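Chains as they are written, first to last, in the working numbering: chain A, 183 to 655; chain B, 183 to 655; chain C, 183 to 655; chain D, 183 to 655.
FYI, nobody ran anything at the bench for these hints, they're computed from the structure.
Take these hints with a grain of salt, some might be off.
Which copy is meant is left open, because identical chains are indistinguishable; a pair holds if it fits in one copy or across any two.
[To be verified] Simulated pairs of lysine to any residue, SDA-like, Cα-Cα distance not exceeding 25 Å:
{"id": "1", "residue 1": "K531", "residue 2": "R553"}
{"id": "2", "residue 1": "K527", "residue 2": "R565"}
{"id": "3", "residue 1": "K536", "residue 2": "H610"}
{"id": "4", "residue 1": "K540", "residue 2": "Q518"}
{"id": "5", "residue 1": "K434", "residue 2": "E352"}
{"id": "6", "residue 1": "K522", "residue 2": "N317"}
{"id": "7", "residue 1": "K527", "residue 2": "D389"}
{"id": "8", "residue 1": "K284", "residue 2": "D214"}
In this text the structure is predicted, and so the values were computed from the model without any measurement.
There are 4 protein chains.
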Amino acid sequence: MEDSRKKSVTSPENSWGEECGLVGIYAPENSDDIARFSYLSLYSLQHRGQESAGICVTNGGEFDRKRGMGLVTNVFAEEDLADMEGNIGLGHVRYSTAGSSKMVNVQPFITSSIKGNLALAHNGNLTNHRELRSNLEERGAIFHSGLDTEVIAHLIARSLQDDIEEAFVESLQGIRGAFSLLAMTDDSLLAARDPRGFRPLVLGQKDDFYIVASETCAFDILEAEPIREIEPGEVITINEEGIKSRYYCENKKNKFCVFEFIYFARPDSVIKDQNVRQARKKMGENLAREAEVDGDVVVPVPSSGISAALGFAGEAGIPYKQGILQNKYVGRTFIQPRQKIRNLKVRIKLNPIKKIIKDKRVILVDDSIVRGTTSQQIVNMLREAEAEEIHMAVSSPPVSHSCYYGLDTSRRQQLIASSKNPQEICQHIGADSLTYLSREGLLASLDSDDGGFCTACFDGNYPLPPPEEVKNI
Amino acid sequence: MEDSRKKSVTSPENSWGEECGLVGIYAPENSDDIARFSYLSLYSLQHRGQESAGICVTNGGEFDRKRGMGLVTNVFAEEDLADMEGNIGLGHVRYSTAGSSKMVNVQPFITSSIKGNLALAHNGNLTNHRELRSNLEERGAIFHSGLDTEVIAHLIARSLQDDIEEAFVESLQGIRGAFSLLAMTDDSLLAARDPRGFRPLVLGQKDDFYIVASETCAFDILEAEPIREIEPGEVITINEEGIKSRYYCENKKNKFCVFEFIYFARPDSVIKDQNVRQARKKMGENLAREAEVDGDVVVPVPSSGISAALGFAGEAGIPYKQGILQNKYVGRTFIQPRQKIRNLKVRIKLNPIKKIIKDKRVILVDDSIVRGTTSQQIVNMLREAEAEEIHMAVSSPPVSHSCYYGLDTSRRQQLIASSKNPQEICQHIGADSLTYLSREGLLASLDSDDGGFCTACFDGNYPLPPPEEVKNI
Amino acid sequence: MEDSRKKSVTSPENSWGEECGLVGIYAPENSDDIARFSYLSLYSLQHRGQESAGICVTNGGEFDRKRGMGLVTNVFAEEDLADMEGNIGLGHVRYSTAGSSKMVNVQPFITSSIKGNLALAHNGNLTNHRELRSNLEERGAIFHSGLDTEVIAHLIARSLQDDIEEAFVESLQGIRGAFSLLAMTDDSLLAARDPRGFRPLVLGQKDDFYIVASETCAFDILEAEPIREIEPGEVITINEEGIKSRYYCENKKNKFCVFEFIYFARPDSVIKDQNVRQARKKMGENLAREAEVDGDVVVPVPSSGISAALGFAGEAGIPYKQGILQNKYVGRTFIQPRQKIRNLKVRIKLNPIKKIIKDKRVILVDDSIVRGTTSQQIVNMLREAEAEEIHMAVSSPPVSHSCYYGLDTSRRQQLIASSKNPQEICQHIGADSLTYLSREGLLASLDSDDGGFCTACFDGNYPLPPPEEVKNI
Amino acid sequence: MEDSRKKSVTSPENSWGEECGLVGIYAPENSDDIARFSYLSLYSLQHRGQESAGICVTNGGEFDRKRGMGLVTNVFAEEDLADMEGNIGLGHVRYSTAGSSKMVNVQPFITSSIKGNLALAHNGNLTNHRELRSNLEERGAIFHSGLDTEVIAHLIARSLQDDIEEAFVESLQGIRGAFSLLAMTDDSLLAARDPRGFRPLVLGQKDDFYIVASETCAFDILEAEPIREIEPGEVITINEEGIKSRYYCENKKNKFCVFEFIYFARPDSVIKDQNVRQARKKMGENLAREAEVDGDVVVPVPSSGISAALGFAGEAGIPYKQGILQNKYVGRTFIQPRQKIRNLKVRIKLNPIKKIIKDKRVILVDDSIVRGTTSQQIVNMLREAEAEEIHMAVSSPPVSHSCYYGLDTSRRQQLIASSKNPQEICQHIGADSLTYLSREGLLASLDSDDGGFCTACFDGNYPLPPPEEVKNI
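Excised from the complex, chain A in its bound form:
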């Protein structure tokens, strides 16, 4: 049933489908480097969001924020950071679909209320965003954005707990869904993870600075040491009294997003004590064991398929060759000629190496197929490079269900595997064969048992109910 209300300025739909990178830093004293460390961390988390970036610092007085659209290295100039002093810092990078690419949606999100100043940075997706927003609106709340963080800010401001930290914890008890959340108050850095632990969040240390970030690669760039992951359902407070941990809920269960391992996280990050690239290689090895396909050469789709292809090639004993070159200098805008050039969009980013491809039976490895469009173009491109056969091998199962926990896997009808079986998909993309890694093969690649991961996008087995409005569609 369609929602009959007028479309709002700050429509919550806009907040869907984002993946983000977070960093929070706490220093015992004012430091020149709070903003610069935030910057370096965001830089190393750039793969989690290239749409916009923001940093906010405080020394207990005014909150000083700089934010903008684009890459970290474009948003911040030396003079911006030189002016930002404080002992607490919060940083955020964000990917978003076109519709909501507005400055008003760029985090960190700052407000002031009876509880004091508050900055929030969020990675994930609240499944009860719409209900909460609707309830808040009925109670007189006004909204400026479509962000989950704005709902959380309202909950904190309206909490009957006087203390902002207690109010923060109370707000966590009211929200549902996937969230790794950082908050900066006038004197503390707070970090929380949802009770399923869908999205990553890690605690680290560099000298007497504490750092909380989405991935360990943000520590590496600072020469900081990882301490441990924030646990599902845990909230951590860092302030002049040190670090304090507590659990804000009882029913907690590890359901980490398996797609972080498959695609999203940076290969050099360590999650659940496992190096991401190693996990991807194992997926490739398992895929080789499952696949009944022979070929002359294993070629990865760069750069997402490289680790799995290396694993596949090693296991299958077929040579690994980088038969597709990736252009290093892809910019944001690209100017099209009037004359039609086949597959130009793919060709701009990727170029096949004919010597490697021609007259070969190519095993083309990628991490996943979402809509099928890109795979189709790459297969097409290899055909033009005169491959004899093209066998596509995918190091994850078919993505057949939408994600409601923070990944942009699109509406279900756009997922090619929601309406087509592998054989039909194979035909659609024009390959000679298509093999997916089984769910079992995927989980066997990870140093953790089945129950610890969310695999809803493959099997529709949602650890938490999807948003109400989705269920009714």
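Once you have looked at the hints, place chains B, C and D on chain A.
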């Protein structure tokens, strides 16, 4: 007593001391020209605020806003406006002191709430801003800016009136101070003026478009016709049912800001049926009658003193000469040399014409003296141009009291007339004599009786109590 | 006869019709302030060219240049100037017609040759540009721009004189037309004026700095003192040996451009010992004497007609009123609505004050009529403001002939007075009467006899033959 | 002996050490796509120069050029290219050292002369630049830049050949060194290669468009087909009469830069009928055969060492692992923190994967060592990742001699192999062993005999005498 709370991110102090220009346009149907007309109107209201500009339009769906720092002609590009279609438009230009020059404070201010979408544009200053904000905070409101409009948006959202128009009227009953206020809802344009009518607001018409603007010069550029001024305490609703007027309070009394006539309004605007430049000329004539000073030449401080100087010269029978040239190309930034050049800051904008000044008894006419710094530099500059005598004549009384109704007349201790009498001021600026126009002479220049104007900055006779926090200092 | 050659990349036609402002500064030692002084001087010469600006400095080593399109205050940032150190500086502002608004044409023009490094800045127009260029091309020269300065640079490089200063003088003997020219070599500042002295050039001093500039207003801003004008046919060398003057030609005759007095120069500049504004006022007085017209009010076209209108009003005993307001915030780009607004282009810049205009016999004073378009729009605008009668009075004679000496008076057929007599022009612009100042009245306003001025645009009496290519058309 | 002349504004030293990418396109008729095709080609040649980019087109009339600093996708906007119509186009990307990063040095270089309009784009380095420039200066030439192309433009303009094409050929006979050169005249596209063929240049075709480009990857993006390489000493003319080829010299000999194969060219390009990546892989295989080193894992320095590492691993039978991750989002500017972070500059671009590195004997493969600084930092980084042993293997011989033919291999004293033997270098970078590929092993990797390549940077065996000024130092 000092407020002991920590300084807020979105401190209300920041909202003081602004003057602004407003325009709202309602067309019966979607029009390409809504944004362009808003743009042209703002352009003609540029003198009311050069710090930032914003335009917001709607056709009943999403609110489309473009805003930025700087002049109207710099903020908007053709392609920005080409994309903005609607049947209602709201525009705002703003002057602000350095501290609050942040994007988050650039109007129109947009929010969404249970009442629907809302855009607000405001000229004036709420005297109970701090109490309202404090009360709202206690009731769980969160704030993003230091703007009066944000307080009003909260009042509207929290009103028990279901209808947004009724809620708007209710909010007007809760705010105190000076305000000319425009609001855009999903289907209506609302315009209101405070019960004293401190700041101007006029209704006009161009074909079947209705326009509400700060001054009539915004109609002239569009070839629109003025209909009438919005009355003190009146609120007007324009939508598909036409124009509706009502009064939201009983105790209304005309206390129009006399400084709009003296300095702020554009000379070609018509306020209270009187052309502003004519009024200024009369002030000059009355000043000539009051002044007991003889001279060889009447020289205006360009451009603020021109009209009064023309009146003075005509009345006194002394030749009017433009003895000071104004540089047309003054930019925002100005680079200083290391070597000291006397009076460079004034010299960049103004240049004396020695042939006119040298060996002459100069009557130097300006509209007002606020801090005295500029007058001092100009007198100094004329001395260097070898004027024989310099008699300063000011076409308004000494500004001795702060304004709490929307003009940036600075803190009281910065007003030179708050601590010095005219003789001391004369000495301070280095003139041979100094004459102010009397309060009576000023009011006699205006086609309206004494009671109709706010003259608090001259006599401390405040039509409304100043903000609580000011009284306690 | 049409030129049959292919149109060149760097077509000489592009260099026509420019007016420019120049400054050159020589300090005995390296100074931080060379670039900053150049900047301030250019700022005060901004009225001579708003299209582009450039500054070049040297300390005997590399020439350091910064240039760009736009106003002086936009082209240069503090950090640009902070980096530019030297003991010699050259600055240039330029107006140009749309076609040649290219970076490659922005001066100062820098080259290096066997004679050393050379920077040139030029105001004027060479009448033998095309012949020289053609001859140079036949001798193997290559061209990057359409600038007169490029031709001069070639002449200097090819001179048989070893010394760059001597080569400069030799080049002056080869060029014809109007030029005020500044040159910077590795160790000297050179300044020259053509044998007729068409365009202004003045020498001044600030402490031990020598300054050469287009107008004295460039000295005022620096608190420098004027020494004297560079004479027609004179060349001056300033270097560590001091100032040296010589004359490079015999047949010199003062033919200063009368339009500099009428319109172009800044009112506070002093030329030929006469203040420009005073001269304009006298033109207005003489115009009042010649005009047989009665009116209620004298209204200037701002700002070009103000001085003449003041003179006219004083002489005629008719009140002077600024019945047309000029918008202070005119930007470069202006966005048009789709709906037609009459006279929008004029209305954007000017707004009539109805109270002053309505039912009045208006004497509208301007300095000149070139194409007639603007006058027509202003008259039209006053008609709409319900003027009873409009009598246009122009403080110069009809412009009936093109200028070949550096002013952009357009092609002859575009000059309304080339094909229409005053009565027809009056009809065309829609005025009730039209009076031009006579040539005699004009010259009587100037403290100099007839022979000292070029009045070719009024009488076709060209002091130098026009360019060959023009004569043949 | 040092040159005693003053340093020139447009010093030829600046032009050293550049590598560039070229494209020229000829269409039989005016086409919308000339500029867009140039753009796409430059985009695919971006690896040859990221400092600046320029495109120039003509349809026989004016030459229309757009150029700027930065990447191709940043320099050109859709509207720029939409305005550029013609039937001939020329494009250039350029890398340069900091000193000469000036707009005046951005190609294509355009001039006009008696021979007509001319645009030039150049890749290489003239060894007699200084003599030619000096001779030209003595004959009156003026210079705007330090570019080789400016010297060539002068030679063409001064040629006694009337025809521009003949003049172009004559100029080729006067220049020495390395050059692949494209020229656009009013009606023709000219392409030439120096008599040794140091730098690449290929001819291709798309429908009825002819394209000349630095590498075949520029054809791939356009779906154009390669025809053949331009030969050493050949000049090709493309115009309405079709393609014409001739040789402008007799003593020609193939001495193609072997570094194009080792590092510079794009892996998917085909040069001398050999795919570049295949050649690199062979280098790795030969290196494995020559190296007497054992290890647990072969790790490439990304991305320069990947192909060679794959070859090495395959040949040695040691697993290939991407143990170092490359950051995809490296921007131009990077902000440093105040606190020291070890190896930050390398860490920003590269991150070791500890799981792969720790406790392993790592064979680290790169294509070359120039100064040694980066290698040292990477080795250091692997030490911190706890590698057990680090054996560096380099797929080319020690770079011990400067290049005078267009590669930026720095001054000889900066080349670590000019003063240290491999053992000393090994110590310097901190590796446990260091193996270079032998010159024989290198040449055996290429499908061409020894004599066909320039290997001067390895053996000092210069095919052409170095510049005079270098020999004398």
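Here's how the hints hold up against the structure:
no.	hint	in the structure
1	K531 to R553	within (18 Å within a copy, 31 Å between copies)
2	K527 to R565	within (16 Å within a copy, 41 Å between copies)
3	K536 to H610	within (24 Å within a copy, 40 Å between copies)
4	K540 to Q518	neither (28 Å within a copy, 47 Å between copies)
5	K434 to E352	within (16 Å within a copy, 47 Å between copies)
6	K522 to N317	neither (52 Å within a copy, 48 Å between copies)
7	K527 to D389	between (46 Å within a copy, 20 Å between copies)
8	K284 to D214	between (30 Å within a copy, 23 Å between copies)
Hints 4 and 6, counting from the list given before, are not met by this structure.
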